[in-house]
Amino acid sequence: MNTNIPTQVYQDYLTALVGGDRSRCSLIVQNLMSSGTDVRDIFLNLFQRSLYDLGELWEHHRISVAVEHLASAITERLLSMVEVDTFFTPHGDHSVIVACIADEFHQIGARMVSDVFELHGWNTHFLGANTPVRDLISLIKKKSPDFIVLSVSVYFNIPSLLSALTELRMSFPSIPILAGGQAFRWGGVQLLSRYENIRYISDIDELEQVIEAYDREDRIA
Amino acid sequence: MTEKTGSLNEERWFAEKTLDYLLHKSQVVLLLLAPSGEIIYANTYARALLNRDTDGVHISEFLITGSWNDSLLADWTSGDVTPIMNIRTHDDLPRTLYITVYPTDAGYLIFGHSDSEELHRLSKEVLGLNRELGILTRELQVRNRELAELNRMKNQFLGMAAHDLRSPLSLILNYTEFLMEDLQDNLSDEHREFLQTIITSALDMKQVIADFLDVSIIESGHLMLNPEPITFETLMQELLRKTGLSAERRSIRITWKTEGEMPTLYIDAGKTGQVLANLVHNAIEYSPDQGEIEILGQRTDKGIVFMVQDHGSGISKEKREKLFSEFSGTSGKKKNGERSIGLGLVISRKIVEAHGGSMFVESIPDVGTKFGFILPDSVIWSENKDI
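One line per chain: the protein sequences are A and B, in this order.
First residue of the first sequence: 101, per the working numbering; consecutive thereafter.
First residue of the second sequence: 1118, per the working numbering; consecutive thereafter.
Calculated from the structure, these hints are not laboratory results.
Where a beta carbon is used, it is the ideal one built from N, C-alpha and C, also for glycine.
Please note that a few of the clues may not be correct.
Stated by the list, open to error - Estimated spans, in silico, between C-beta atoms of each pair: (1) A/D315 / B/R1437: 28 to 38 Å; (2) A/L157 / B/D1172: 35 to 45 Å; (3) B/G1173 / A/R285: 54 to 64 Å; (4) B/A1191 / A/S263: 51 to 61 Å; (5) A/D315 / B/E1345: 44 to 54 Å.
Said to hold, decoys possible - In the DMTMM-like style, the derived pairs of lysine to aspartate or glutamate whose C-alpha atoms are separated by at most 25 Å in a straight line are: (6) B/K1241 / A/E156; (7) B/K1467 / B/E1249; (8) B/K1271 / B/E1479; (9) B/K1271 / A/E156; (10) A/K242 / B/E1249.
Chain B with its partners taken away, still in its complex shape:
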């Protein structure tokens, strides 16, 4: 065999073909460097890999940033370490070449190649990871389906429970009111207070149940809008009627204004009023006594803006991010000490979204909070409106 190879080496055609393959066709990098490191020659593959004129350019220009040092060429030829050259290629990605360096009179002759076994291992690992990712994605989708089903069941339960609680609660309220009226002359102040506490608590519970029902209806996708033409002024009058009493009790002043001309809107007035009342009630709850609440209506290039501003204690950033999530418990303790389950804003968000709008909140601790929503121009009323 050695004899045969030896004889081949003497064949001119063998040397020519081998050299031609190495210089022009192979995926072997061949570089000839001057003793100072400038490239004297680069074969076709090296030029393609580096994708720029290499003649006379110092080898450090092609190495990964910061990897050049004056002893590198000597290190490569020392035999102490496996010589590796990490280069930046034409696609700006680093690539490792395993190199063999021959010191010559002209400088350094360098042959370099990628380790195909290493690439094969890498490719196998990546493919394996991709397969695992596929399985995990699939499992995630199965879990999503299960969660969606559980959520549906939760809403169904919520709706049923809320519905079934309404009747006994109405009985409690009615009979307590009867007792208050019928026994008013025979009640001590203390007993009257007991009955008043029952009524107040039952009313709070009634609101909670109403919220539960709203959420279950909205979540089950059965929220129906009944749009009608309405002016901003009419909305405000109705809003003040609903919220005036709560504000008066705490001597809070509510004012409203518009900026620019507000068009007549084609919206579900009842539900939009519910959103506004929720925002104003929140503002009242978190305002100091004798505080002020301002309501603003404005047509902007983003749509129709409704904004309620209070001068309360404000909301921290982390709480703001959770405000519109169900049962986030972020609403915390209100001014009057009662706990809120925090569904009002969730319901408001769903109603606003059903109109094609979105809600926003801006708050500065100890300065106040601006809550509001923007409805799209499509809610502007016109005679031939058809939603």
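Just chain A, with the same shape it has in the complex:
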């Protein structure tokens, strides 16, 4: 996705985020919002990009756990600020449940995925980090969603994802499941082919294509 966020603005934001400067980050986001920057642009080219960059710094021992955690907390706060604009698109009947599997504590990606569904007028049920499978199953029974979305950020949690998928497929053989997240950077996509009606989503663009195709098919039907 092309961005309207100037490189200097991004650099300022990243510096503020690494420095734990919540007010500065907030100001940058507010300025972008008031200048009409698209929410998706902010999600992808500010929040996602900066968290990926931070992840890289963390992997290279350039920043501490505390810095990474604080940056996540700040981003989470800023998401709440930006989300206000995403909830007032006209809503239809489609619904989705978005969750992070058990032991997965990184929920920002999943939250942004929920927001993208909201932007398309879907009714979202976001369960957040570390969702036990039984809670997920109980909500699916209650809401009968059009999609279930599962997010995994840590590669070592992929086995938990697979066991969750096994349980979900036993209870709900036909509800389409979308899976994605940073964990798949290290592999594991092919493991999803063991299950029926599951699709790996590599990024937000692909997610939007899937949503649009579903909405289109539904209109034709």
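We have chain A; now place chain B onto it with these hints.
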């Protein structure tokens, strides 16, 4: 292993490096206190944490307020409790140090450190809470959207219902009036009173329906202003024409005046008149018979002030706070016993806000109430006015 450590201890470089690390680089607090508690030595980390000159200063100066007592140093060395030192740091925040105290001939040698496990647990909890807060905020926003949608549907329903009620109500009113006129010679006093009650009730209902329609139009964002130049005097003449009869019935006297020069205004005269009529009608309803109502127009540094003052029973503080909310039911029973659904003030507030102004109310129980509104200077008419 013990042998190896033992030999290391004898190495001069080992002792020097370890000491250098402890004194200058580590995040371990090292303090040497005189037997009476004055600080004789503080390492680099302790000085950074306390951020002031420590030499000769009594340790109590750095502890959290009120925590010093003469037996504290002895308690720390007694072995009865885990020694903890709660200090005030340079950022004025308290911090807990887990300490080991060695009594020596020179006084007390104290080593202190933060419990990293404790901090880790705390950080994990805070992050977890932050995540939960994020989810709750998101849920709240979803609920807000749903509520906004329900509110829109409510207004749509309100508008439709009010619209559909208008025609049958007009029929009731017209035919009752026909009956009154056509049968006037054949009606007993009692039957005439029955018909009059039908007319009065139907008129009340007509006003309620008009209010519903106003609210649904305003709430759906379709309130349109049609501004025109008008003087305060013209507004008052029209207001007295609308409200004079109700006031006369109760022998209530309405007077108006301006303070200073009132400019010509560029406002929606009809809607502003509706606001003023609403305020005056309320004042009439809550005034005693033979009471007085004063209307004031004034240009102030805050804008153009309109104020209606009555000398009724007043409004309590808690009721005042709800006055401008829809269906708050605060308007209660009026002087003539009828119930009000309390939409008049809501409509008035929306009209005033659409002009860029705000409403106010001041009231003293058993003395009276001042209701009014302030419009911004932008409503002052000038030849080249263009809104």
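Could you tell me which of the hints above the structure violates, numbers in ascending order? 1, 7, 8, 9
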